[in-house]
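Visitor: Based on the hints, put chain D in the right spot on chain H.
Below, each chain spelled out in residue letters.
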Amino acid sequence: MSYIAILLTFIFINNFILVQFLGLCPFIGVSKNSENAIGMGVSVTFVTTVASVVTWAVYYFLLVPFNLQYLQTLTFILVIASLVQLLEMVIQKVSPALYKALGIYLPLITTNCAVLGIAIINISNNYNVMEAFTAGLAAGLGFTLAIVLMSNIRERLDLQPVRRAYRGMPIAFISAGLMALAFMAFDKSLITNLHLV
Amino acid sequence: MKANLKEFTKGIFKENPVFVIVLGLCPTLGVSSQVSNAIGMSAGVLFVLLFSNIFISALRKVIPASIHIPAYIVIIASLVTIIEMVMHAFVPAVYSALGVYLPLIVVNCIILGRAEAFASRNTVLDSILDALGMSIGFALGITLIALIRELFGSGTITLFPVGTFSGVINIPWFINNPIRVLALAPGALLLMGFLKAFFDWNTLRKKDR
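For the protein sequence lines, the chains are H and D, in the order given.
Mapping to my numbering: the first sequence position 27 is 53, numbers consecutive.
Mapping to my numbering: the second sequence position 206 is 208, numbers consecutive.
Okay, chain H solo, but in the shape it has when bound (with noise of 0.2 Å):
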């Protein structure tokens, strides 16, 4: 697959969130502000990005060598886990601005499924390295998109009269639906028809 082809999978159609349901607790959680949202989606894509290219790392240098394969998801997760705490570190040193902006997000990612999802994904896709990275970025970026669509919405409901059981995370949930069905008009047509495979 061209690296194109692997952006418009992973952005459009097979979103993380609208499609596949991966990282849908921050998505709910985060999504009240679009300034937030901002900051979670930009930490995610960063770790998404980060994380695939490590976790390929790892699996194919550090696992396969030793014929370790089943021992994926618990490496992975610490992996990930360090990765996370080591990229707060990093970013409090060299930016303390940036730091500032998406300190409180970078360790609600730990637990993420959408970092843990695309460097399972990478692996059982078979990726190469720059593959993977295309594929992290495009994951980050997808889950941006959905959570600051998300939020525009949210931010508008709050001025609409919503009936009170509906109110919150009900409500939450239906626009999602709905943004999930528009986001349907994307299928593997899609690659098909602009040539990309």
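To be clear, the hints were calculated from the coordinates, so they are not data collected in a lab.
For every residue, glycine included, the Cβ atom is placed at its ideal position computed from N, Cα and C.
Some clues are possibly wrong.
[Stated by the list, open to error] Quick list of simulated restraints, FRET-style, between CB atoms:
#1 GLU17(D) / MET210(H): 52 to 62 Å
#2 PRO91(H) / LYS8(D): 22 to 32 Å
#3 LEU220(H) / LEU149(D): 33 to 43 Å
[Stated by the list, open to error] Lysine-lysine pairs mimicking DSBU-like chemistry, simulated, CA-CA at most 35 Å apart:
#4 LYS208(D) / LYS58(H)
#5 LYS63(D) / LYS58(H)
#6 LYS209(D) / LYS58(H)
#7 LYS16(D) / LYS58(H)
Guide: Same frame as chain H, now just chain D:
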């Protein structure tokens, strides 16, 4: 004994992980297109949650507070690896249907949440009851969603094949009039929204009285 029983029943209704606390959403929506997948996922969560609660409550005085989260994650990830291998060996069809969602039990908020909020400060017996209650609550939630989605979305109910029974029950009328959107991804989100609204409405109604 009565107090112990409360630890068991709270997870089923009052603190139902799917509809009240809203935890572990990814698998709830991701694998709820067929009843058999929902049951497989429930079994996985039951196994991991039960044993993680047992180990963590048994080791709660041994694990140093400063590294408790990594320690819990290692215990949970090992259990997930075990259930992955067991399912791969004995129920390969369920294993491939669950796909990426099976290893993702590691980051399921229900498991780490119960470890942190309950098992780390209660006895082994209470933790077992808590795990059983929460797992049954999760199983009821995800199976209800799967049942509605499959029955109305495709007009079938898929269980496990036994002998000559293929595992798929076709429901007359529904099979010819499926509401396709429920079987697709948006249907899961819409249904979750309406069910959550129903449960919230029920809670609000009780509060008003």
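Visitor: Against this structure, judge whether each hint is valid.
Guide: Hints, one by one, checked against the model:
no.	hint	verdict
1	GLU17(D) / MET210(H): 52 to 62 Å	34 Å, violated
2	PRO91(H) / LYS8(D): 22 to 32 Å	52 Å, violated
3	LEU220(H) / LEU149(D): 33 to 43 Å	39 Å, holds
4	LYS208(D) / LYS58(H)	27 Å, holds
5	LYS63(D) / LYS58(H)	39 Å, violated
6	LYS209(D) / LYS58(H)	26 Å, holds
7	LYS16(D) / LYS58(H)	26 Å, holds
Of the numbered hints given earlier, the model fails hints 1, 2, 5; all others are met.
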